[in-house]
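Engineer: Sequence:
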Amino acid sequence: MLKFLKGEKPLTDAFVVSVFLVLISFGIVWTLKVTDVFSDFANLLIASFLITIPIRLFVWTAVLRCAKNTESGVFKAVAMLLVVADMLHKLFYWSVVAFSLAEHEQIAAKQDARFDQCRSEISTTYDQPMDNLYGEAKLVYGRGDPGYKVLTRSRTTSYHCVISASGIQLTESGYVKWFSYTKDLKFAGTYLVDEVELTPRFLKLQFGLPDNGDGIRVSNWYAFESDAGEVFTIYDYKSTTLWDPDSDLPTPEEFWSSDRIETLSVGGKEDTDHKAFVDWIENKHAAYLRRTRD
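Under numbering that gives the first Met the number 0, the first residue of the sequence shown carries the number 0, and numbering increases by one thereafter.
Hint data in this document are derived by calculation from the structure and do not stem from the laboratory.
Quick caveat: nothing in here was measured; it's all calculated off a predicted structure.
Honestly, I wouldn't trust all of these hints.
Quick list of the computed label-pair ranges, beta carbon to beta carbon [said to hold, decoys possible]: (1) PHE186 <-> TYR133: 20 to 30 angstroms; (2) ALA61 <-> TYR133: 13 to 23 angstroms; (3) GLU196 <-> SER122: 41 to 51 angstroms; (4) TRP93 <-> ALA61: 17 to 27 angstroms; (5) GLU196 <-> LYS137: 28 to 38 angstroms.
Listed below are the simulated DSS-like cross-link pairs for lysine-lysine, each with C-alpha atoms no more than 25 angstroms apart in a straight line [claimed, not checked]: (6) LYS176 <-> LYS237; (7) LYS274 <-> LYS203; (8) LYS185 <-> LYS237; (9) LYS109 <-> LYS75; (10) LYS268 <-> LYS283.
Heads up, the beta-carbon is just placed ideally off N, CA and C, and yes, glycines get one too.
The task is simple: from the sequences and hints, build the whole structure.
Structural biologist: So this is what it looks like as structure tokens:
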């Protein structure tokens with residue numbers, strides 16, 4: 000670094016070193032992501048730090064080199080002020096980031112501890128083995144007081160656990176899985192697991208315009224997520240002119256506005272409860288048909 004600042008090495012070498020360091024940073028970030036060492040939030044912060052630092056070092060070096068080689072005292076002073084100000088700014092920024100990360104980890108640890116407390120209380124109250132109770136360590140809203148949702152492995156029973164100053168309140172109920180549509184939901188690794196017969200217009204009226212498909216075989220899709228974090232998609236397959244422009248197939252717009260029963264594909268994973276999802280969407284479709292006929 001000192002050789003670059005003194006002018007003993009050209010800036011092109013500094014640029015090459017910066018690119019090399021950025022590539023190494025990408026490799027470290029990818030390794031951390033694959034090995035799942037840190038949370039997604041921590042990975043984002045680490046990636047931002049590792050990738051921006053080499054770039055900053057190159058910019059600072061370039062500015063200081065220019066200041067060193069100029070005859071203008073004003074330019075030198077301004078260049079030094081800019082570099083120092085940028086350094087202080089980044090120092091303040093990363094101090095805030097470090098504090099946010101620490102606070103985020105503390106909240107996550109507190110949520111985990113409270114969730115384990117709920118599991119322990121449910122195990123004692125309802126005589127359930129601890130290893131038969133699972134769920135996500137996050138608060139669930141919209142069902143009375145905010146609390147933790149705990150399920151049995153067989154998914155036959157659901158518990159709602161509320162921790163307050165007065166103690167722990169538990170509610171036991173039969174578990175009924177629910178699903179929600181999410182526009183532009185990010186997902187990966189799904190493939191054909193089932194089929195369902197629906198009128199495409201029902202989906203459009205119920206959930207709005209579909210997301211754009213992937214390639215020419217799938218024109219559009221709808222993505223849903225269960226309360227257990229499972230992702231399911233409903234999509235057409237080789238059913239529109241996007242696949243065969245010279246055929247009598249409908250355009251994507253015509254297809255998704257049709258009231259004709261169509262066989263649509265259901266995407267998901269083999270280890271997910273896609274039968275429950277199909278039952279749920281078929282029941283909604285049946286209710287829609289009853290309303291339109293009355």
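Engineer: Give a verdict on every hint.
Structural biologist: Against the structure, the hints come out as follows:
{"no.": "1", "hint": "PHE186 <-> TYR133: 20 to 30 angstroms", "in the structure": "holds (22 angstroms)"}
{"no.": "2", "hint": "ALA61 <-> TYR133: 13 to 23 angstroms", "in the structure": "violated (54 angstroms)"}
{"no.": "3", "hint": "GLU196 <-> SER122: 41 to 51 angstroms", "in the structure": "holds (43 angstroms)"}
{"no.": "4", "hint": "TRP93 <-> ALA61: 17 to 27 angstroms", "in the structure": "holds (22 angstroms)"}
{"no.": "5", "hint": "GLU196 <-> LYS137: 28 to 38 angstroms", "in the structure": "holds (36 angstroms)"}
{"no.": "6", "hint": "LYS176 <-> LYS237", "in the structure": "violated (31 angstroms)"}
{"no.": "7", "hint": "LYS274 <-> LYS203", "in the structure": "holds (22 angstroms)"}
{"no.": "8", "hint": "LYS185 <-> LYS237", "in the structure": "holds (23 angstroms)"}
{"no.": "9", "hint": "LYS109 <-> LYS75", "in the structure": "violated (51 angstroms)"}
{"no.": "10", "hint": "LYS268 <-> LYS283", "in the structure": "holds (22 angstroms)"}
Consistency note: the structure conflicts with the earlier hints numbered 2, 6 and 9.
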